[in-house]
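Trainee: Listed below, chain by chain, are the residues.
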Amino acid sequence: MDKTMATPVRVEGLTVAYGQNPPILENLNFAIRTGEVFGILGGSGSGKSSVLRNLIGLVKPRAGQVFIFGQDMWAEEGRWLNVCRRRFGMMYQAGALFGSLNLLENVSMPLREFTDMSPAAVETAARMKLSLVGLAGFEYYLPVRISGGMQKRAAIARALALDPKLIFLDEPSAGLDPITSAGLDQLIRTLARNLGISFGVVTHELGSVMNIVDRAILLDKAAKGIVAEGRPADLAQMTWPPYVVAFFHRRPLEDEGKISEANNARQ
Amino acid sequence: MNNAIPAGPGPEPPLSLIFDPQKRLARLAGALTVDAPRSIWRPLEPDKASASVAGINGELTLDLAGLTALDLNGSAQVLSVINQLDRSGVQVSVRGLPDDLAVILELAREALKAPTASPPPRIGLIEETGRKLVAIKNDAATLVTFTGKLVIDFLSSLRHPSSVRWATVEHVAEVSGVNAVPIVALVSLLVGLIIAFQSAMVLKFVGLEIFVADMVGVAIVRELGPLITAIVLAGRSGSAFSAELGAMKAAEEVDAITTMGLSPVRELALPRVLASLLTTPVVTLFACFAGIWGGCLVLTAMGYSLLTYWQEAISMVTGTTFNICIFKSIIFGFVVAAIGCQRGLAAGDGPGAVGEATTSGVVTNIVVVAVIDSLLAVLFYVWDI
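Chains as they are written, first to last, in this note's numbering: chain A, 1 to 267; chain B, 1 to 385.
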């Protein structure tokens, strides 16, 4: 297996669209490398969550390809879709924990469904994953009984259940207080460093971006694509295009129409 | 004795466990990951009869030098087996794990050192029964409190009609009342038809089939029309109230109303109850009409004229019978809407709360409607009405 095949995520010419509507993003090209925390950034409505839905196989791309560990997700009429899906974990914005199951059962479920591990080993693994995210002692709590930050941690534990080498996170810091958010950032960095997991993080929280993201792309709905790519510290130093400057310096855009024209002209 | 079980083909060397009881040594080789089969550990499973592992007690060495890959789930398997052996009196010492994999095992071991919770104790039958009884008592108290608030708001709305949200009343009346007429009429028509059939089968032996019309008229108007309407509305409109208000509670809309200084009962429940009070008697009349027509279909098929049937059926529907019908429909209209709203406003948190509130609303409604109907039947009998 060559290096290209081992790349956790490779996106080539991805066009994101809903139904028969005009595309919201066109010709996206990027890759998430082994062990890095990769940010998919953009303002509200820029299409970053839509890109994520394409990456995790919930929506078929209008055009282009998504490779998960070298396998084209939609090749051979979706035959590889579930194979690819089993190779990554996913944390949804609100956690998406199963409300009728306690945390231990939430984390155990993928192990029971997809592995041949003994019940004792499944329980040990689930307790371990919960402990790794700082939820030891909460194994028998229902999701509704814990805070939003704890729900997100539990969702990461569930995403870790099958020991994937790739995890996608949708707005991990959204709605969390700074301390909880910093704790979650630290957890993501720890998991990436200690377990060599690659993360694809969709976010617009600049604090988290600067703390945890190794490399990022910035999406702009006006430009219908990626307007900047690189290390967050480098992106924050950019003086052009205006959208990148406005995003990283938390400034309002004075004239979105002119800026999008300028962006298009430069492309 | 050597027990070697290969784990199957793969790009990595096959996973195998070689156990030598004489040397008290188990060698694990290959990739121990999430895909490892549980059968690999079979040689180390304690013997149920002797509670020992392959006849050995004391110490066992687990040599992991041959491992080529290890993840957290593989570590969980190792630690789970070590724990299991420990409970069987076998002390396991691990050796030979390559440094890069030892980090993973150590991470897993450290994670499991954190204090974990035990499963909550099972609740005994007596305690469970006690809890259920307390819950029923609290539920009844809540329902009475809610009814009290509703009655106060209702009386207040009579004094100040302009304070009622009539636009909501009109909308709810259309959705939960007018739109329910077809289904209520259909069910009632079929019930009238069934009663007529069953009665005719008996009465034809004595040549009194015409009295089927009297029976259908009385049964439908006095009893079944209001009852069918109430049960259908409980399933259709009462459940909708529970679900709608339960969803509003989950979305914190009810809290928003409360923090504005408004009463959720007055803002949300009262318009629905008023709409139900206004529409249920009308829907019940449609139900009675349809039920009587159901009987008519049978009798006309047996050769009686439409006019004869109609005159006979209507002759039994006195003013008192009609008043009882309307009285019951008002009571049922109030009960169905009130219980539906109360269950919605009392919905808990979590994804299943709306479903639970809806189920509870329908069940409570049907039970309460049946109980009230029975009580009224007894009272009317005692009072000779």
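Just so you know, the hints here were simulated from the structure itself, not pulled from any lab data.
Keep in mind that the hints are not guaranteed to be accurate.
Far from chain A, some chain B residues (derived; all Cβ distances over 10 Å) [to be verified]: (1) 58; (2) 66; (3) 83; (4) 95; (5) 116; (6) 124; (7) 204; (8) 285; (9) 322; (10) 349; (11) 352.
Among chain A residues calculated to face chain B with C-beta under 10 Å, some are [to be verified]: (12) 72; (13) 74; (14) 127.
The C-beta atom is built at its ideal place from N, Cα and C for all residues, glycine as well.
Trainee: Under the constraints set out in the numbered hints, which ones does this structure not fulfil?
Mentor: Violated: hints 3, 5, 10, 11, 12, 13.
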